[in-house]
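Novice: Below are the chains, spelled out letter by letter.
Protein chains: 4
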Amino acid sequence: MIITLKPHTEEEQKDQLMRWLSGRGLEVDVSEEDDHELLRLIGDTSVVDVSMVEMLNMVQNVRKISAPYKKANRLFHPKDTVVDVHGTKIGGGYFSVIAGPCSVESEEQIIGIAKRVKAAGATMLRGGAFKPRTSPYAFQGMKADGIELLVKAKKATGLPIVTEIMNENHLPLFEEVDVIQVGARNMQNFELLKALGKTRKPILLKRGLANTLKELLMSAEYIMAGGNENVILCERGIRTFEPYTRNTLDISAVPALHELTHLPVVVDPSHATGKASFVDSMASAAAACGADGIMIEVHNDPAHALSDGPQSLTPDQFDGVMEKIRRVRAAVGTEN
Amino acid sequence: MIITLKPHTEEEQKDQLMRWLSGRGLEVDVSEEDDHELLRLIGDTSVVDVSMVEMLNMVQNVRKISAPYKKANRLFHPKDTVVDVHGTKIGGGYFSVIAGPCSVESEEQIIGIAKRVKAAGATMLRGGAFKPRTSPYAFQGMKADGIELLVKAKKATGLPIVTEIMNENHLPLFEEVDVIQVGARNMQNFELLKALGKTRKPILLKRGLANTLKELLMSAEYIMAGGNENVILCERGIRTFEPYTRNTLDISAVPALHELTHLPVVVDPSHATGKASFVDSMASAAAACGADGIMIEVHNDPAHALSDGPQSLTPDQFDGVMEKIRRVRAAVGTEN
Amino acid sequence: MIITLKPHTEEEQKDQLMRWLSGRGLEVDVSEEDDHELLRLIGDTSVVDVSMVEMLNMVQNVRKISAPYKKANRLFHPKDTVVDVHGTKIGGGYFSVIAGPCSVESEEQIIGIAKRVKAAGATMLRGGAFKPRTSPYAFQGMKADGIELLVKAKKATGLPIVTEIMNENHLPLFEEVDVIQVGARNMQNFELLKALGKTRKPILLKRGLANTLKELLMSAEYIMAGGNENVILCERGIRTFEPYTRNTLDISAVPALHELTHLPVVVDPSHATGKASFVDSMASAAAACGADGIMIEVHNDPAHALSDGPQSLTPDQFDGVMEKIRRVRAAVGTEN
Amino acid sequence: MIITLKPHTEEEQKDQLMRWLSGRGLEVDVSEEDDHELLRLIGDTSVVDVSMVEMLNMVQNVRKISAPYKKANRLFHPKDTVVDVHGTKIGGGYFSVIAGPCSVESEEQIIGIAKRVKAAGATMLRGGAFKPRTSPYAFQGMKADGIELLVKAKKATGLPIVTEIMNENHLPLFEEVDVIQVGARNMQNFELLKALGKTRKPILLKRGLANTLKELLMSAEYIMAGGNENVILCERGIRTFEPYTRNTLDISAVPALHELTHLPVVVDPSHATGKASFVDSMASAAAACGADGIMIEVHNDPAHALSDGPQSLTPDQFDGVMEKIRRVRAAVGTEN
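Protein chains in written order, with the working numbering: chain W, 1 to 336; chain F, 1 to 336; chain G, 1 to 336; chain R, 1 to 336.
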């Protein structure tokens, strides 16, 4: 909610209103626009009786921000957020390519892939250590050992590492992880989001399979409300009636999120389509429409991957995708 | 996977096969059908080369159970599971009505509602203490205090209590809770499911907003694989393009789940529709099509409820719904 | 849009407003409520500048009816419409069971089924003559010959007949058809709807697979705007991500449509689920929640039906469903 | 279905099989691969008992083509179809930009826009004359007069014209129309598709809001089965639970359709998103991922357009989009 005061409102009156608002549990952020003062209310504004506030002499008007996210809202923070991962930037014109295998499987595998994707131009390494699998009987990841191997790959290549967390109790294991990923299935695991809000690590937050963009932003808000504003959003496909692709890449989520929020937006064409042969075209589309990065699964031997083989590129295929993305980004004029 | 052995297979041969299967990490459950022995394999059967097994002399045939859930599968357990909550039974012809407010708000409120719904015929009391809210700024529930008040209501009325868990670290607070609910947003919070699999409490598992029935069963399997077979499934509406109702009640989930699994199935018309005026007709529909129970939000003062007021019934309205459900159940001939 | 006039508005002023509204192409329906006159505007009200009208002295207030359907709107016509098909009534407490095969296949088949479903209590006979098939190579129906056979079955049993139209040019063939069905795929074939609006036959309008309830009502409005107000709405399943059933029966469409419109609402559990084994429970659910009728596929030999065999009941199964529905309807107290 | 014969099959045996297949109503297309003869069956192959055919001595194997579309299937026609619209080509590397207003409103409007979009590089002019509107009370288009004005604009600029048909009885009015559009709501109006199959005009077939890609291809097959193989497919957004955009652009439909069919694929970002501000980024994405064309709404005065103003670009904005698309197409290396 934004309360616009009339020009020349007396300080005393304003203070009275501010005290009343604080008393209702709201944080008030004061700014100026032309010769008006604007009071932006942060918190649960449903406690404010708008019609009463509007009747106050000093009040010009009250705008309800229908979007209940505040810290993630571009209305309040018009400038793009640039998330800085030890020097690797993403957002605000900085483009980042996160690549690596679905699951960490061995030291040789992860270091081998890390070197190849770095050579091709990737800026971060992804790899799953804790794997959320639909079946309790499926491979659940190498867990702590997987993280150790990622850290080795990071040391070998200098690439920051991105890996998924599934349980706040595992946080101590993530100390050397550079970006913590929240998977689609945990997008509304609010307890986990709150725990991550207390860290200062960049969080890669994936959109749930049936979540709206506003819900994605509310989940980002959970992290940001805790004090951690380093949130990267990720579109990874939504669930529709179309069976040919694993999910449906909602490509217009890119311009839509750029309109609604200042946070960087990454696209994951591997999970969105579930088909390696579609990754090249979907990554190009993402680059062309202004995404701040892409996240691609690359595996040295997709046919024998322990998870998600059918959607993984070989390192050679990844080289080709990187080439094309560079050309597309140059064409659309975003060249950081 | 079910391996049917030929009649008169020698014990020695069978043992050899059993050892080989165990060596692949599979549990084998032996049973008889006519004069054949059946080996039911539990675990990740993708390690078994079916064509090789089929070529063995002793093997009659191999049936792949395409459904990767085993313990929840009606194929393996044709008889309905009856979950017993301190004497209140659900499933296998026993019908249970779980009623109460969305959120516990005060001692007076929860005890007052508990008495009213008990008088009307409810068999369990529901009430939210930890509330998963889309917004971090919305009321998050009374937490531990809320559980304490539920326990008081249980003592006052004798009704078993059902309340939602959001974090495995809260488990110690749930000692006196009779049925632990997993909300739709946590249906695929696999870490939480695993933790609940280690308890022996009945679990009410709600279907996620965009999850298939098979995924719901896989999540039940996570709990059951841990050793806790007291799982109650709950259909509470799925997400579709239709905006008039909050979600779309997938009523055919009732016969579909009854076909696929032996677990009891409950319908929650309050969340499925988001409209109090539809609860009566949807509860009747659920009773008519064979649901094992319903879960209804009842609030003493819906207009001032701290959450989900628009979908809550008054106690008087609830009386009317109970009346009607009794008649419908008698009509369809399921009268426990 | 409803304009409420102030009490004691002068006739002359009112006439001036009425003329101005007529000049904008709007029909005005005048009624009274307490001591106010209400002007209900029918037509494209977007041409009216609401703020201007509100400023007129004689105007108390202007309510925009957000629903752009007028003739189908319960707000304007609070009383249930009862459609009368040569004495067989549907709506307003009259319940109708429409049964028969997906496709008419032979004289023996259709008359045999007609006799069986009539004996079981069906009130109308359905049968497809023109079949909308996804594939151009699939059986397209017996066409004109199929209609002839339906007419024979009608003569043999006295049951009114319901069959689908796909092309307005076929209308002359439908003279002896009692209820003309518009299939889901043609729900927004506006040219066909307009042509049907010029007839006076009852129309059974099926909801499209991905259409909202409001769009269904807008399509009903197309027919009604042409002067034909005998419209029966049919919920037959919508498209969602769930693959276990052919479609998802949106059962809450029944109370929702009853809230929005005065037209009768029928449920088709056969198409909604695509599984004969679910028809019994879904038909019971429909009867329990107040549907005005159901439409069920019955075939003498489902295994060899030329279309939709897997979802057809045998006549014996249909007997059982009818029995149950009668008991459910008695239980919920709607006994016409 | 493809039957592969063994090498050196005797002519007589083969003829016997061919006669048997013809007798079942199937067309047989014979070709060679290595030293095998292949019989491709066109028509309803469900009448063929595969296991019986496989047992014939002369038969090497039988491949069921699960896709029931034949003429649209890339398996049978590996080479891209290039549709030629009086010299303007689309498909197989030829890219086409179809631009113009949602509705034709006046001679001045349509000729003015036609000149502007041609100057910017558009290759065809679109404009609605018959408009499928959800409401019977909304502007339904200028109808025959609209087509006359399109023809004038074609004469003034040389641009081929594209406009929508809603009723086969209107076909005589479409004589000078170069590409006939079938709208999303009529994608499964099979009677209309059959009528268009008898013409030889290029058809632009839009995907229905809730139709799968295979259903889109089956609808194309309806047209092609009639003898008209000039079909252009159009992805224009599907219906999902996301409310921020009017529909959800299924961008992966582009590579998916290119895999499944040889027909050209066009993307319509205007209808897919419903927001003019997203057209630029979505058109770039479409060009980047290999679409054969785009279709964009351009209006001289979007704020006062009689339909779909919010999603229309001004001619100046369209100039910018064309610039960007040219650069993107050069970057991805498809430069016809």
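Keep in mind that a hint or two might mislead.
One-sided excerpt, in silico: chain W residues whose CB lies under 8 Å from chain F [claimed, not checked]:
hint: 1; residue: Arg-40
hint: 2; residue: Asp-44
hint: 3; residue: Val-48
hint: 4; residue: Pro-132
hint: 5; residue: Pro-136
hint: 6; residue: Tyr-137
hint: 7; residue: Pro-243
In short, the hints are calculated from the structure, not lab data. For each residue, glycine too, the CB sits at the ideal point set by N, CA and C.
Novice: Against each hint, give a clear statement of whether it holds in the structure.
Specialist: Status of the hints after comparison with the structure:
The closest approach between the C-beta of Arg-40 (chain W) and any C-beta of chain F is roughly 14 Å, which is over the 8 Å cut-off, so the hint fails. Among the interface hints, the one on Asp-44 (chain W) holds; its C-beta lies about 4 Å from the nearest C-beta in chain F, closer than the 8 Å criterion. Here the hint on Val-48 (chain W) is broken, as its CB sits about 12 Å from the closest CB of chain F, past 8 Å. The restraint placing Pro-132 (chain W) at the interface with chain F holds, with a minimum CB-CB distance near 5 Å, inside the 8 Å limit.
For Pro-136 (chain W), the suggested interface contact is upheld, since its CB lies about 4 Å from the closest CB of chain F, less than 8 Å. Against a cut-off of 8 Å between C-beta atoms, the interface hint on Tyr-137 (chain W) holds, since the closest Cβ of chain F lies about 4 Å away. A cut of 8 Å between beta carbons decides the hint on Pro-243 (chain W): the least distance to chain F is about 12 Å, and the hint is violated.
Comparing the model with each earlier hint shows violations of hints 1, 3 and 7; every other hint is respected.
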